[in-house]
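In the order they appear, the protein sequences are chains D and Y. So for the first sequence, our numbering puts the first residue at -3; every next one is plus one. So for the second sequence, our numbering puts the first residue at -3; every next one is plus one.
Keep in mind the hints are simulated off the structure, nothing from the lab. It is possible that some hints are incorrect.
Unchecked claim - Computed from the model, here is a short list of chain D residues facing chain Y with C-beta under 8 Å: (1) Cys30; (2) Lys43; (3) Ala86; (4) Gly99; (5) Ile123; (6) Ser134; (7) Asp137; (8) Pro139; (9) Ile296; (10) Val331; (11) His332; (12) Ala486.
A virtual CB, placed ideally from N, CA and C, is assigned to each residue, including glycine.
Number of protein chains: 2
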Amino acid sequence: MGKNLTTRSEDYSKWYNELVVKADLAENSGVRGCMVIKPYGYAIWEKMQAALDRMFKETGHQNAYFPIFIPKSYLSKEASHVEGFAKECAVVTHYRLKNAEDGSGLVVDETAKLEEELIVRPTSETIIWDTYRRWIQSYRDLPLKINQWANVVRWEMRTRLFLRTSEFLWQEGHTAHATREEAVEEAETILGVYTQFAEGYMAVPVIRGTKTASERFAGAEETYCIEALMQDGKALQAGTSHFLGQNFARAFDVQFDTREGDRDFVWATSWGVSTRLMGALVMTHSDDNGLILPPRLAPIQVVIIPIYRGEEQLVAISDAARPVMEALRQKGISVHYDDRDTHKPGFKFNEYELKGVPVRLALGPRDLENGTFEVARRDTLEKEVVKADAVVDHIAALLDAIQENIFQRALAFREARITPVDSYEQFREVLEAKGGFLSAHWDGTEETEQRIKEETKATIRCIPLDPKPDPGRCMVTGKPSPYRVLFAKAY
Amino acid sequence: MGKNLTTRSEDYSKWYNELVVKADLAENSGVRGCMVIKPYGYAIWEKMQAALDRMFKETGHQNAYFPIFIPKSYLSKEASHVEGFAKECAVVTHYRLKNAEDGSGLVVDETAKLEEELIVRPTSETIIWDTYRRWIQSYRDLPLKINQWANVVRWEMRTRLFLRTSEFLWQEGHTAHATREEAVEEAETILGVYTQFAEGYMAVPVIRGTKTASERFAGAEETYCIEALMQDGKALQAGTSHFLGQNFARAFDVQFDTREGDRDFVWATSWGVSTRLMGALVMTHSDDNGLILPPRLAPIQVVIIPIYRGEEQLVAISDAARPVMEALRQKGISVHYDDRDTHKPGFKFNEYELKGVPVRLALGPRDLENGTFEVARRDTLEKEVVKADAVVDHIAALLDAIQENIFQRALAFREARITPVDSYEQFREVLEAKGGFLSAHWDGTEETEQRIKEETKATIRCIPLDPKPDPGRCMVTGKPSPYRVLFAKAY
């Protein structure tokens, strides 16, 4: 199997598009902007889900499920929310098709028009807060900490697999609290969960911060985010957690009896990560040979490939491989034994490289004689020969080492691409030459932010959490600025 | 907490509707026909998903994800399929809303009309077979055995929580095979998985069979089903597995190179179970005091309620309860310790009865003195006093006993309600007096089946698998019949 993969230096964007399809992660469907997530890609998503779901439950959240449809009128209730989502939504107007009278096929049955149009949810704040009004009467009903795994639809004009699709999968948390402080703490706790997941499972280093007003979620008072850096020097927002204040409680009239005997509106958060993380995973680690997957999310952690001529050799090799497989599985390591006789070892080597399997074992007649395995690691492509009786412990340690190595490699890459700049000229130069995050002073106004965006395509990715005081002057207007913020071009 | 639950004998249907809401399983939303699945209900569904997902994977299936939207033209490609679904589907016609010029709120933006309408999937055969055309070229690509966990929409006019909702959650398997025999075997394998799940996890006995032509899935050549019997004597179809022949392969032109060097259309199956199972679970086991959950699906298997006056007693009781909780958790048993001081023990007893928690432990000052626990089982409401040092093993065994007991109870109930009848008069009498399954001779024609349905509301639930030869005469027309089939009124 030749990989025939465009290289990253040739065309990063093309490399990504090809890799996602060739590694069997996803492909475009016959429906505009909607993707098919293929079994191998979905298996990675399932591992992401399992880890996140466990973390949400450990922090006191429960799952539930809310309707896919949102009545049009709900969307209007929160003013900035409607601005954010009404322009790109799928609208259901009818509930029946019929055969055309001229025999030309199916047509919409105009007698089956909905009284009120329904929107396919772009996010669920409105339907959920309409429900919370029934669930919350008193401080005793709080906090309410719910998560939902769901599909959502945002009608995107230009789509790319995982990064921007009309339909995507995600989780959305929606919590309700008695006090502002508790809601802010929840939003920050979740930012911590997302950070821990991105770094600990995906091996993707992230910077935590808050968004500027213009980049906030529609309806939020504060948007916390984690920002990752891709290999082409562009940033990718990997997750957001919103402090919603009392906006949705006011819009849906969700009030409660306080502990002190008053009535007050409920405080809210919402937060989500999506299949977009799959794109971040691919673009952080992979190389010109294909995917590189972190062992903690790899559907297959170890592949064993027998190298043989004839049935007799295969039997002997399989006999030698079996106890190793069993011992690995005993340790909770997923192993695939590929003894297909329809493909040559070289083809298989290429295939598992393309698919990012962290460790490859090869076992041929000479290994059998010597009592050894050839062990290859995907992240560095290094090979070594390991004694059979040491191979299980070796692999267990190697998987940890790979997880750590790709994180450190991505971290070093990112650290080398955070550049402090002190003039707008320098800003433009570095942005052009090197990309990455630019740490610069900004006067805090939307006008300046907008001007920079229009002139350079760079946006403020975040105001880092707890920025260290570093008074300076805005690189554009020269007005005073208390600390630096991070700019980048972004996905 | 008074339960205030309508009794089953008063009004079975009302009892069900109230119980689903009061036990916190689900409720109606502000969107017509769409439900909110509440955290407690969703936790049961998650346990169902986990068990089924494991069983699918053990039988060689992989998960994937396909688009929620189906272009209108896809639906038309398989003739009987379109008949089945076009009349009750949600149709997306536009992709944008805008503010009305007269300031009256949001309206559909007529400039954003889709060229081709999209249907929110009622089931995914069409979009999946459109994809399989790209994935299948050769017998080497077969079998392809894929499952999807998803939401689907069928525009129902009369809805009931879990039993019939416009949106519901389900899994849908879609497999592709090189031969008819292999596809039939797959459909039957899945019927076995469903049976094992219904009986082994849900403790719901089911009858396996095939549907008559008129009750088949739209597009299937054979529909296998499992049928359960509810406490009111009505049947409920709990799962179906379809042998689709080459219908969808022909409709979407999915051909492959056979092992013998020919070209042929691919053979297909599809199969699914949905959140409807939640309704079957409730209506099989529960009583006038509330839910009765099988231990294998109960989110909380054991609740421990301390009975105390004052902080000091609570501390002593908690100290005694803690090692028991830990030992139970060690065994993988889920335990909830309810030491809320806002509610009295009697209130809590009622609450966990309503929610169907299989085992309740109570621990008061006298138990503390005697070194005992009071153990109550939900299925029989029996209580006994158990020595503290024996309580963990006792509970582990009790959970198994409850799982088995509620299955046997439901089985005995059903067996007592399978009535062989030999005349149409007797059929009507038994149907009216007792309900349940009626085992009767039928002439095999759609006319007779239709007449019986119109006159009695009973339908043929299934032709039992491998019916034992039992020649007789149709109870309606007197024409010859080779074996009996099962009739019932159904949900």
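Results of checking the hints against the structure:
no.: 1; hint: Cys30; verdict: holds, 4 Å
no.: 2; hint: Lys43; verdict: violated, 12 Å
no.: 3; hint: Ala86; verdict: holds, 5 Å
no.: 4; hint: Gly99; verdict: violated, 12 Å
no.: 5; hint: Ile123; verdict: holds, 7 Å
no.: 6; hint: Ser134; verdict: violated, 11 Å
no.: 7; hint: Asp137; verdict: violated, 12 Å
no.: 8; hint: Pro139; verdict: violated, 13 Å
no.: 9; hint: Ile296; verdict: violated, 12 Å
no.: 10; hint: Val331; verdict: violated, 15 Å
no.: 11; hint: His332; verdict: violated, 13 Å
no.: 12; hint: Ala486; verdict: violated, 25 Å
Comparing the model with each numbered hint stated earlier shows that hints 2, 4, 6, 7, 8, 9, 10, 11, 12 do not hold.
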